[in-house]
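With the hints as extra help, turn the sequences into a complete structure.
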Amino acid sequence: MSGVISGFTVIFIVVGVGYVLGRTRVIGDRAHEVLSRLVFFVFTPALLFHSLVTSDLSVVFSSTLVIAGGGALIIATAYLVIAKLTLRRGIPELVIGALSSSYVNSVNLGLPIAIFVLDDASFVAPLLLFQILILSPMALLALDLTALERESGRSVVKDSLIAPLTNPIVVGGIAGLVVSLLGLMPPAAVMSPLKMLGDASVPTALLAFGMSLTGVQIFKKGESPRRDILLASVLKMVAMPLAVYAIARWGFGQTGHDLFAQVVIAALPTAQNVFVYATRYRRGQILARDTGLITTIASIPVIAAIALLLA
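Residue 0 is where the sequence shown starts when you use numbering that gives the first Met the number 0, and the numbers rise one by one after that.
No lab work stands behind these hints, which were simulated from the structure alone.
There's no promise every hint is true.
To be verified - Here are the computed distance ranges between Cβ atoms for each label pair:
| hint | residue 1 | residue 2 | range |
| --- | --- | --- | --- |
| 1 | 186 | 226 | 48 to 54 Å |
| 2 | 147 | 189 | 27 to 33 Å |
| 3 | 133 | 26 | 17 to 23 Å |
| 4 | 40 | 187 | 21 to 27 Å |
| 5 | 187 | 250 | 24 to 30 Å |
| 6 | 256 | 19 | 38 to 44 Å |
| 7 | 299 | 84 | 27 to 33 Å |
Owing to the predicted nature of the structure, the values given are computational and were not obtained by experimental measurement.
Built from N, CA and C at the ideal position, the CB exists for glycine as well.
As structure tokens, this is what we get:
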């Protein structure tokens, strides 16, 4: 449990610093939007490229990829269906909600927990790859086509082909995968600055998240989409660990430490990337923010319970 506590302590401290910066307005009233744009357009693409180029793809492409990716897809689809039928939201809000219910905080919290609790960081890598190359591109394409204004007369088909090529996160992930598959290693003069920029992604996203909490009230009546947040939070913290358990246990016959690791990774909270995406497209920001906060707090007792039952 020391690894869990350590990982969460790091997150809360950085978010707290962001909150203080937001309260004092040291760096301006809309600083969290500027930081979110930096994360979206610069830091995260650099992080993805560097991570994929330096990853061992033989470890990434494993049964863990199918288990983690399958669980995320099941939960995201469940949110889309339930929210569409019962809440009747627009496509951008549905996409942000689906991400809030299935997009795992696999970097700044997943890595510490994988290292200190599971003693193996390789459990996080397949899920990170799935989120980079499959879940994010699908979601960002939908947001590009529905949340951004298009010029009159432009073809939806054409936009659907062009949008991924102009999205920096998708481009960074695909470029990193291609370079890794080709067995190429860019020179240190290229990789070093990319690593520096990539290392700024997680803390900057957490700072932006903390700033966004300034002066807000969770579940505020008339402002917060309470049913959306509740649905996303329950799916993320209850349904997703159960779905991954079922896939790993009965689909792949996993038991012991491997099964425990799969379920713990699935129980990680919603990533702050979702809030960054919501801020970029100006849709579902409160949904992403509140779900991220609630699942971060809820994941502490959930992971503790999983450890007691499966460890």
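Structure versus earlier hints - violations, ascending order: 3, 5
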